[in-house]
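Residue 216 in my numbering sits at position 216 of the sequence shown, and the numbers go up by one each step.
No lab work stands behind these hints, which were simulated from the structure alone. Worth double-checking, as some hints may not be accurate.
In the SDA-like style, the derived pairs of lysine to any residue whose C-alpha atoms are separated by at most 20 Å in a straight line are [what the hints assert, rightly or not]: (1) Lys76 <-> Val123; (2) Lys76 <-> Ile174; (3) Lys76 <-> Val112; (4) Lys146 <-> Pro12; (5) Lys17 <-> Ala73; (6) Lys76 <-> Ala14; (7) Lys74 <-> Ala63; (8) Lys76 <-> Gln92; (9) Lys76 <-> Asp7; (10) Lys76 <-> Cys111; (11) Lys74 <-> Ala14; (12) Lys17 <-> Tyr78; (13) Lys17 <-> Val123; (14) Lys76 <-> Tyr166; (15) Lys17 <-> Phe286.
These figures come from a predicted structure and were not determined experimentally.
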Amino acid sequence: MADMLIDLAMSPLATVKTLMMLGYEPREEYMSKSLFKGTGWRRAGAVTFGRELYRQHGILSLAGSWPISFFEAKSKQYVTQRVQAYLRGAVQRAFPSVEEDTVLGRLTFGCVEVVSNCVGSIVVHPLKVLSIHTMASIVETDGPAKFQPITIASNIYNTTGIEGFYRGLTAQLIFDCVKVISVRACEAFLSATGIIDTIKASVLPEDGAGAPEQEAQNVFLSILPGLMATSLAAYLYHPWDVISRMMCISGSNLRLANAPFQRDFSSFRDCYRFRDNSYLSTRGLFRGASIAARFYKTPLPILK
């Protein structure tokens, strides 16, 4: 129940991030100066972006994809955990001497994690496509959007057939691989440089500290390495997430799936080329990652 409520609360933020990644812009851009790139166009930040979407479409529209997204996340988690448990058991039976904290162990169990995540993505990808289509359909109208998953699924099938439910799967699998590898590499880097140990030493519970304080600090220390590694690795795997989401709606009749946002039936290469001035606009593959990805030399299209 708690997971469901947390996911519901985060659903509007996921919608905002997805629309940023798809290139939607809720307000007119303005000329500005960047410390590194000179004069150019600045996009709306996440707060302004979310505020404008809320004003135009309402909170229910922003949370409209929540049932599908929640079911997708839980289904992928279930499949991934089952596959990972099976593969880890098989590896440990075949190679009982391999320890996870060694280089060989990290490589072996890293491969297990990659495979299990890829299997999970293959199983639930149609749900992801349906979720992305639901988010993108919000901006089809000026007012509140209606949650119509059956209508959206029927539209996907009528427009692109069964293939439409698996568009973007290749980019999603690359995203899964790059994310696992980059996060594990960052964890190894932080561990080898002693950064994690230094931080842990500075926040370890003092002698005589109360049980609640010790428990809170232990929870913080348990999630700290993964949190830091994921934050560092985000700029390595985020572009593949952008490409995957773009291709999920490619070929559909949604406005964000057609010019000037992307080509009809965009290929993997078409989506990748949005990183620079080579085609239409300089949207970049880091949009939606942070405020650092808000500045471009040319204006973006405005959805009317």
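**Message:** Going through the numbered hints above, which ones does this structure break? Give me the numbers in ascending order.
**Reply:** 8, 12 and 13
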